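Work out the full structure, taking the sequences as your base and the hints as a guide.
Residue 173 in this note's numbering sits at position 173 of the sequence shown, and the numbers go up by one each step.
Bear in mind the hints are in silico, worked out from the structure with no lab data behind them.
Warning: the hint list may mix true and false statements.
[As the list claims (entries may be wrong)] Label-pair distances were calculated between CB atoms; the ranges are:
no.: 1; residue 1: E38; residue 2: D140; range: 20 to 30 Å
no.: 2; residue 1: T180; residue 2: V24; range: 39 to 49 Å
no.: 3; residue 1: R182; residue 2: V24; range: 16 to 26 Å
no.: 4; residue 1: S186; residue 2: G86; range: 34 to 44 Å
no.: 5; residue 1: Y128; residue 2: V24; range: 20 to 30 Å
no.: 6; residue 1: N133; residue 2: H179; range: 18 to 28 Å
no.: 7; residue 1: E112; residue 2: A209; range: 45 to 55 Å
no.: 8; residue 1: G63; residue 2: V184; range: 37 to 47 Å
no.: 9; residue 1: N133; residue 2: A32; range: 49 to 59 Å
no.: 10; residue 1: T119; residue 2: E38; range: 24 to 34 Å
no.: 11; residue 1: T180; residue 2: N133; range: 19 to 29 Å
no.: 12; residue 1: H201; residue 2: E111; range: 20 to 30 Å
no.: 13; residue 1: Y27; residue 2: Q195; range: 38 to 48 Å
Because the structure is a prediction, the values reported are computed rather than measured.
We put the CB at the ideal spot given by N, CA and C, even for glycine.
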Amino acid sequence: MKEILEQAYGYIFEEALLLEIEKVAIYKEFKAEEYLIEIGDYIKSMPLLLHGAIKILREDENGDELLLYFLERGDTCAMTLTCCMGKSKSKIRAIAENDGAMLMIPVEKMEEWLTKYKTWRNFVFESYNIRLNEMLEAIDTLAFMNLDERLYKYLTDKAKVIGNTEINNTHQQIAYDMHTSRVVISRLLKSLEIQGKIKLHRNKIEIVAL
Numbered sequence: 001m002k003e004i005l006e007q008a009y010g011y012i013f014e015e016a017l018l019l020e021i022e023k024v025a026i027y028k029e030f031k032a033e034e035y036l037i038e039i040g041d042y043i044k045s046m047p048l049l050l051h052g053a054i055k056i057l058r059e060d061e062n063g064d065e066l067l068l069y070f071l072e073r074g075d076t077c078a079m080t081l082t083c084c085m086g087k088s089k090s091k092i093r094a095i096a097e098n099d100g101a102m103l104m105i106p107v108e109k110m111e112e113w114l115t116k117y118k119t120w121r122n123f124v125f126e127s128y129n130i131r132l133n134e135m136l137e138a139i140d141t142l143a144f145m146n147l148d149e150r151l152y153k154y155l156t157d158k159a160k161v162i163g164n165t166e167i168n169n170t171h172q173q174i175a176y177d178m179h180t181s182r183v184v185i186s187r188l189l190k191s192l193e194i195q196g197k198i199k200l201h202r203n204k205i206e207i208v209a210l
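Given below as structure tokens:
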């Protein structure tokens, strides 16, 4: 675990903090499509993503989901931080995009390290800033982009997060993430293929150029 921890966070945290994380963190592996956090859960630990990718979603009053952002190696979730520190119920759903692993940090250590380690404090504040900007970007995308533009952005963002230009999601899975219907997604994907931006294969979508 030490080697993986250093690869993901060694450039962020000092040695003393890395040693403390190694002592208190719980190592957790997850599989693609696994539900990691559910809306309404009480969260008692904060995740540090070692590898893999996780999508963070909100749910409206009708039960429809909306993708907020992706987490990748070296990230944590600002919404989880807020729930941990405020001892409140989760307002988001976290689903594994692919296989991966993370470290779970107990909430009491999160608070202790804020005053003890400058690198941890900077990491927490920077995480809030990054996630806020991503949520503002999600709002702008909904407000100002056409659905075909949103779809192409969704595909390229996902490709960058998973580190692969081939995306294995079904049209229905994409429709769920984008809060629309499978028929609409299929039509827009075909349009993007005609434009030369993607190639459609059986059970996968290839991004032509990022």
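Against the structure, the hints come out as follows:
Look at E38 against D140: about 28 Å separates their beta carbons, and that is inside 20 to 30 Å. The hinted window of 39 to 49 Å between T180 and V24 holds, with their beta carbons roughly 43 Å apart. At about 44 Å, the CB distance of R182 to V24 disagrees with the hint of 16 to 26 Å. For S186 and G86, the Cβ-Cβ distance of about 41 Å falls inside the hinted range of 34 to 44 Å, so the restraint holds.
The hinted window of 20 to 30 Å between Y128 and V24 holds, with their beta carbons roughly 22 Å apart. At roughly 21 Å, the beta-carbon separation of N133 and H179 lies within the given 18 to 28 Å, and the hint holds. Taking 45 to 55 Å as the suggested C-beta distance range, the pair E112 and A209 conforms, at roughly 46 Å. Remark: the range hint 37 to 47 Å for G63 to V184 is contradicted by a beta-carbon distance near 19 Å.
Our hint of 49 to 59 Å for N133 and A32 is violated, since their Cβ atoms are close to 27 Å apart. The hint said 24 to 34 Å for the Cβ distance between T119 and E38, and at roughly 31 Å that hint holds. Separation of T180 from N133 is about 24 Å and conforms to the stated range, judged on CB atoms against 19 to 29 Å. A hinted range of 20 to 30 Å for the beta carbons of H201 and E111 is inconsistent with their spacing of about 48 Å.
Distance hint check for Y27 and Q195: the Cβ-Cβ separation is about 44 Å, which falls inside the suggested range of 38 to 48 Å.
In the structure shown, a violation is registered for the earlier hints numbered 3, 8, 9 and 12, in ascending order.
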